[in-house]
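Q: Chains A and B, in that order, are what the protein sequence lines are.
This note's numbering applies: residue 1 is where the first sequence begins, and numbers increase by one.
This note's numbering applies: residue 524 is where the second sequence begins, and numbers increase by one.
If you are wondering where the hints come from, they were derived from the structure by calculation, not from laboratory data.
Positions of the beta carbon are idealized from the N, C-alpha and C atoms, including for glycine.
Worth double-checking, as some hints may not be accurate.
Unchecked claim - Looking from chain A toward chain B, a few residues come up when the C-beta cut is under 7 Å (computed):
id: 1; residue: Pro-73
id: 2; residue: Leu-74
id: 3; residue: Arg-311
id: 4; residue: Val-313
id: 5; residue: Gly-315
id: 6; residue: Pro-329
id: 7; residue: Ile-333
id: 8; residue: Leu-347
id: 9; residue: Leu-350
id: 10; residue: Gly-351
id: 11; residue: Ala-370
id: 12; residue: Val-372
id: 13; residue: Leu-376
To be verified - Pair ranges (Cβ atoms, derived):
id: 14; chain 1: A; residue 1: Val-372; chain 2: B; residue 2: Phe-696; range: 29 to 39 Å
id: 15; chain 1: B; residue 1: Ile-697; chain 2: A; residue 2: Asp-278; range: 36 to 46 Å
id: 16; chain 1: B; residue 1: Ile-697; chain 2: A; residue 2: Glu-187; range: 48 to 58 Å
id: 17; chain 1: B; residue 1: Ser-735; chain 2: A; residue 2: Asp-93; range: 50 to 60 Å
id: 18; chain 1: A; residue 1: Arg-345; chain 2: B; residue 2: Gly-595; range: 33 to 43 Å
id: 19; chain 1: B; residue 1: Gly-675; chain 2: A; residue 2: Asp-278; range: 29 to 39 Å
Unchecked claim - Some residues of chain B that are not near chain A, with every Cβ distance over 10 Å (derived):
id: 20; residue: Tyr-587
id: 21; residue: Leu-590
id: 22; residue: Thr-760
id: 23; residue: Ala-776
id: 24; residue: Arg-782
id: 25; residue: Arg-839
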Amino acid sequence: MGPSVAVAGLGRSFPGVRALHDVSIAFAPGTVHGLVGENGAGKSTLIKILAGAQRPDEGSVLVDGAKVRFSSPLESSRRGLAFIHQEPNLVDDLTVAENVLLGSRDALRLRSLVDRPAMHRRYRELVAPLGLEVDPRTLVSELGIADQTLVAVARALHRQAHFLVFDEPTAALSDLESERLFRIIGELADGGRSVVYVSHRLHEIFRLTTTVSVLRDGELVTTLPTADVGDRRSLVGLILGGAERPAVDDRRAPVPVAPGTAPLLETVGLGDGAKVHDVSLRLLPGRITGMAGLVGAGRTELAAMLCGASRPVTGEVRLVGSPMRFRSPRAAIRAGVALVPEDRRHLGTLGDLDVRENLTMPFLGRFALARVLPVLDRRRERRWADGAVDRLSIKISGLDQSIRLLSGGNQQKVIVSRWVGAGARVFVFDEPTQGVDVGARAEIYAVMRELAADGAAILMISSDVEEVVAQSDEVLVMREGRLVAHLHDPTEAAVLDAFYDHDEPVQARPAPARPSPAQPSGS
Amino acid sequence: MSTGQLPGAAGLDPTAPTPSATSSAPSSAPPAGRAPGNRGPRSGDDHEPRASGRALFERLGQRYGTLVILAGLFAYFTLRTEGGTFATVDNLSSILQSSAVLAIVAAGLTLVLVIGAFDLSIAGTMVLATLLSAQVAVDTGSTDAGILVAVGVAGGVGLVNGIVVTVLRVPPFIGTLAMGLFILVGFQQKITPEGTVSLGLPANFGEWGQGSVGGVRYTVLIALGVLVLLHLVLRHTVVGRHMYAVGSGPEAARLAGIRVDLVRVAAFTVCGLCCGLAGFLTASTFGLGSAQAGGTLLLDAFTACFIGASILVIGRFHILGTAIGVLTLGMLTNGLTLTGWSSDDVPIIKGIVLIVAVAAAGLLRRR
Chain A
1 MGPSVAVAGL GRSFPGVRAL HDVSIAFAPG TVHGLVGENG AGKSTLIKIL
51 AGAQRPDEGS VLVDGAKVRF SSPLESSRRG LAFIHQEPNL VDDLTVAENV
101 LLGSRDALRL RSLVDRPAMH RRYRELVAPL GLEVDPRTLV SELGIADQTL
151 VAVARALHRQ AHFLVFDEPT AALSDLESER LFRIIGELAD GGRSVVYVSH
201 RLHEIFRLTT TVSVLRDGEL VTTLPTADVG DRRSLVGLIL GGAERPAVDD
251 RRAPVPVAPG TAPLLETVGL GDGAKVHDVS LRLLPGRITG MAGLVGAGRT
301 ELAAMLCGAS RPVTGEVRLV GSPMRFRSPR AAIRAGVALV PEDRRHLGTL
351 GDLDVRENLT MPFLGRFALA RVLPVLDRRR ERRWADGAVD RLSIKISGLD
401 QSIRLLSGGN QQKVIVSRWV GAGARVFVFD EPTQGVDVGA RAEIYAVMRE
451 LAADGAAILM ISSDVEEVVA QSDEVLVMRE GRLVAHLHDP TEAAVLDAFY
501 DHDEPVQARP APARPSPAQP SGS
Chain B
524 MSTGQLPGAA GLDPTAPTPS ATSSAPSSAP PAGRAPGNRG PRSGDDHEPR
574 ASGRALFERL GQRYGTLVIL AGLFAYFTLR TEGGTFATVD NLSSILQSSA
624 VLAIVAAGLT LVLVIGAFDL SIAGTMVLAT LLSAQVAVDT GSTDAGILVA
674 VGVAGGVGLV NGIVVTVLRV PPFIGTLAMG LFILVGFQQK ITPEGTVSLG
724 LPANFGEWGQ GSVGGVRYTV LIALGVLVLL HLVLRHTVVG RHMYAVGSGP
774 EAARLAGIRV DLVRVAAFTV CGLCCGLAGF LTASTFGLGS AQAGGTLLLD
824 AFTACFIGAS ILVIGRFHIL GTAIGVLTLG MLTNGLTLTG WSSDDVPIIK
874 GIVLIVAVAA AGLLRRR
């Protein structure tokens, strides 16, 4: 069994906020320990302290009962702590072998910089048990997130990590890839290591962990065996505390389609010549259409065509029956089609700007002082922005707050608000609740429903099968760029079934709801 | 292909008055206890800015740290000059006068920096304009012709820069470098092989650069006008806001419906126009067009803008900051000379002060 890591009385404050207070948790070797809590509860601060990126104001980190003080991430790493994030911290321009081996003391010993064969040999030794079959000379930038995550694990193992923290690792992974990761996590724990699993996906917590700690507002609510938690609702209750529990699991009551309702947006044979082929779909007003698929199925590329971000090569997009050719997102926005992108940080929000500026950007012209004068009436703008914040209950400390400081859920609400203000009638949500905590998730679902109730047509792309089934009126499934299923009465089983090609050689098929980990990887 | 619009819904009308009475908050919103403005954080959920002394000091330090240092410099110079000659009206106007041209160029450069690009051709453009305005004035006998051609061509240079960056997708650094340091220099030599144009200038050529009204030099007034105009544009117009958006993330800006390429071209063009104006004013001030007119303009302009980005609104380029940056440099050069530093030491001190001023703002920023 490896050394044990614990934190005792840990506290850390920043100007204006107490991120952690008196948190004591013992992580037992040989277990998978879950860490849950809303955004802002203190999880990332705790992890940063363990990683040596922040120093605690109070309390200490203990390794095998002895206080340790990490003055840098290097020290934490040397002590055997490893951290695997949603976007693995790898060097894109180096090969996988280099990423795994460089920076460790081994590098000098093996003369890895010079002795490539030895480096590659050692690399293969490390990745074989992980089931990663990637040539050591491959550049990290060529890999998908799933494989990158495994490379990060291999690197941790090479550095003899006995304590691994996984922070939301499955957000960008398909179900198959997640299964592969879960198996590896299980093996890590079985091998005597300590694994900490941080996630908003509570079903994964129940599945993987034996103990779970709940943080709220910087304090530890409780640490208890996962088996004692009860069900999802109880865990959600612990996370949120006394506040009203949102109806996360509420399935959307199916909205009936009035016969003869014309679609707001439809596509006929749409394709971009690369990732998307011959997609024909219809988005009806008042309906939420879900789109499920494995990562790489082409959904984001389809969304890009719908919203003018890219030009279709084949087929056409029709808006209220008329064919449209969007030359740019600007054209799509003017026509009332809006995209809430998957990559919130780089494509959704305007990071350097504040909340108000993010809210009003697409239709600033409306706040002009006079028809011809392009000067802005900032007061009118503020008033509108205030209203938008109220309407969607966006939690901000002020309109001038930098949008970067908002939680994922609130950022998402800003973006939706922006499109509502722009007069959008068709909304394409690409992974709307990725990286969003439980409470905000429910609020986003509520926003979508409200938009639909107002007559908008919604396309919700999601890799979370549960979510897509619970929140949509009908579900489309994409695989390898084509629409392979249109489920009017969606169930998780049906969706999962549609993921797999029926022409493939028959594998041992378990109950469809939980794909077997023994299936070959790759998506 | 029609440009049809989708029918809007009254419930989501963005321009309708928005009292919270009509707000249709999602049903799962937190219960009573939520303030009507909902700006207040839920209990402990959000970061409530507590007025802790240290936090306040740090925030103030960020915004005003550099200014404090500048004020300190001002005091230093005043004290160290006999009879406080530094702070006399005469001397201060002299600082303004000598800073006017830099102010105009730096203002134009600010726009380019806002969109996240660089313009290394500003000195080259300015010098070209200097030579052109003089040469054309000599050739046509008209100062006005000189002005028009100089500013027009300079604007054209800016336009070309913009096109090279947007259409040809050449990184701005390289594109403007090639333009300013090679292409324009070549053109300068073609236009004025001797390097100076001083003979045969029309009599009124020096009016704009040397004249004044009500005791204030035209150049200072023009500089002020440019600063105010560009400040208005950046802060109060749609285009200005779009420029900040493009600087924040061109792809995100594009998805938000901004015509990114147009905005970029506009920024470069305006910068070019500013350089053109500055070029003419320089020629007018000295009564000649000289290829040496550039001096340290390129670096001074960048310095002024960067000082500006460390003041008041940290991390953002803005006209007010640039103006203060320009004044700082003017004050430094003037003050150092008055207090007896030799002209070789001036650039050294300038560099050190710049580093210290910007670092002070950075140090106080949270790690």
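Q: Taking the hints in turn, state whether each one holds.
A: Status of the hints after comparison with the structure:
Hint on A:Pro-73 is violated. Least Cβ distance to chain B is approximately 14 Å, over the 7 Å limit. For A:Leu-74, the interface hint is violated, since its Cβ never comes within 7 Å of a Cβ in chain B; the closest pair sits about 17 Å apart. Among the interface hints, the one on A:Arg-311 is violated; its C-beta lies about 13 Å from the nearest C-beta in chain B, farther than the 7 Å criterion. Taking 7 Å as the C-beta cut-off, the interface hint given for A:Val-313 is violated, the closest approach to chain B being about 17 Å.
Contact between A:Gly-315 and chain B, as hinted, is not supported at the beta carbon level, the nearest pair being about 14 Å apart and thus beyond 7 Å. Taking 7 Å as the C-beta cut-off, the interface hint given for A:Pro-329 holds, the closest approach to chain B being about 5 Å. The beta carbon of A:Ile-333 is positioned within 7 Å of a beta carbon in chain B (closest approach about 4 Å), and the interface hint is therefore held. Annotation: A:Leu-347 was flagged as interfacial toward chain B, and the flag holds, the nearest CB pair being 5 Å apart, inside 7 Å.
Hint status for A:Leu-350: holds, given a least beta-carbon distance of 4 Å to chain B, under 7 Å. For A:Gly-351, the suggested interface contact is upheld, since its CB lies about 5 Å from the closest CB of chain B, less than 7 Å. Annotation: A:Ala-370 was flagged as interfacial toward chain B, and the flag is violated, the nearest CB pair being 12 Å apart, outside 7 Å. At a threshold of 7 Å, the smallest CB-CB gap from A:Val-372 to chain B is about 12 Å, leaving the interface hint violated.
A hinted interface residue such as A:Leu-376 counts as satisfied when its beta carbon comes closer than 7 Å to some beta carbon of chain B; here the least separation is about 5 Å, so the hint holds. Taking the beta carbon of each, A:Val-372 and B:Phe-696 are about 37 Å apart, inside 29 to 39 Å as hinted. For B:Ile-697 and A:Asp-278, the hinted distance range of 36 to 46 Å is satisfied, since their beta carbons lie about 42 Å from each other. Taking the beta carbon of each, B:Ile-697 and A:Glu-187 are about 50 Å apart, inside 48 to 58 Å as hinted.
About 58 Å separates the C-beta atoms of B:Ser-735 and A:Asp-93, a value consistent with the hinted range of 50 to 60 Å. Distance hint check: the CB atoms of A:Arg-345 and B:Gly-595 are about 39 Å apart, consistent with the given range 33 to 43 Å. For the pair B:Gly-675 and A:Asp-278, the supplied restraint of 29 to 39 Å is violated, since their beta-carbon distance comes to about 53 Å. Against the 10 Å criterion, B:Tyr-587 stays outside the reach of chain A, whose nearest CB is about 16 Å from its own CB.
At roughly 20 Å from the closest C-beta of chain A, the C-beta of B:Leu-590 stays outside 10 Å, upholding its exclusion from the interface. Consistency note on B:Thr-760: stated as away from chain A, yet its beta-carbon is not over 10 Å from all of that chain's, at 5 Å minimum. With a closest Cβ-Cβ approach of about 7 Å to chain A, B:Ala-776 is found to fall inside the 10 Å limit, against its non-interface label. For B:Arg-782, the requirement that its beta carbon stay farther than 10 Å from each beta carbon of chain A is not met, with the minimum near 6 Å.
In this structure B:Arg-839 is not separated from chain A by more than 10 Å, as the shortest Cβ-Cβ distance comes to only about 7 Å.
Checked against the numbered hints given earlier, the structure breaks hints 1, 2, 3, 4, 5, 11, 12, 19, 22, 23, 24 and 25 and satisfies all the rest.
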